[in-house]
Amino acid sequence: MIITSPLCMQAGDPGSSEVQGVVSRPARPLIKKALRAAGGQSKLLQIFGMKDRVVLGNTDTGLGARRESVLDAPRHWWLKSSGGYTEREDEPATFLVWAWTLKVLTDQASSVETLPDTKDGDLELWGLRVSGSVQPAMDLYFSKRSNLLSRIDWRSDIHRFSEWKTMPNGTKHPTKVVGYKKATGKPWYFDEVLEVTPLPELPEPLRAQR
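When we follow this note's numbering, the leftmost residue of the sequence shown carries the number 1, and every step to the right adds one.
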């Protein structure tokens, strides 16, 4: 039997104010460990700029497409170009970014429960399943050694995170993400996060779209 209680850590997202998630009692200390390892709940990324390099395929060629983005996940992801900003509408990856920031664990619409411990190669992991705020449910696995996010299983993919970087304000984020197909176990994309910049608010051209 899972004993649940209202999720007390809220992100203040007006889009989810009518839905109240629940967190199982065993999950509560694990959420706290994950947030602490990432720099603390108050330092989680919300609105931020990001530069990354993406390679599609089963090999990281070292080339790929370089992107500059502004995110207000899970609601918005804009790509910046010389002509301005273009929104990635209905893009599932916006929820994936939201998850690796760990804001998904603090959203008032999220229901969180524990998963059995597992191993991924040589890594020993503990896990949390998040539903309600994201569909279908998303499984997040954390390193037992560091309590940092190591893997997300979602939809038809497995996403592995590594080489975490600590920003000047103490926030931590992964710099390497590799996506694998569950059906084959083969990689299909590589994402190198080159730069992350927390923003106090959206750039002026984007504020009306929030």
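A few of these clues could be false.
To be verified - Derived CB-CB ranges, DEER-like: (1) R75 to L194: 30 to 36 Å; (2) E195 to P29: 31 to 37 Å; (3) K165 to E124: 18 to 24 Å; (4) G57 to G121: 38 to 44 Å; (5) L63 to D157: 18 to 24 Å; (6) P168 to P203: 43 to 49 Å; (7) R25 to G57: 39 to 45 Å.
Unchecked claim - Taking lysine-lysine and the DSBU-like style, the derived pairs with C-alpha atoms no more than 30 Å apart in a straight line are: (8) K172 to K144; (9) K32 to K119; (10) K172 to K80.
These are computed hints drawn from the structure, not numbers from a lab. Even glycine gets a Cβ: it sits at the ideal position worked out from N, Cα and C.
Hint check:
1. R75 to L194: 30 to 36 Å: With a Cβ separation near 24 Å, R75 and L194 fall outside 30 to 36 Å, so the hint is violated.
2. E195 to P29: 31 to 37 Å: holds (33 Å)
3. K165 to E124: 18 to 24 Å: holds (23 Å)
4. G57 to G121: 38 to 44 Å: violated (22 Å)
5. L63 to D157: 18 to 24 Å: Given about 22 Å between the Cβ atoms, the range holds.
6. P168 to P203: 43 to 49 Å: violated (21 Å)
7. R25 to G57: 39 to 45 Å: Between R25 and G57, where Cβ atoms are some 44 Å apart, the hint holds.
8. K172 to K144: holds (17 Å)
9. K32 to K119: holds (21 Å)
10. K172 to K80: Between K172 and K80 the Cα gap is close to 24 Å, so the pair holds against 30 Å.
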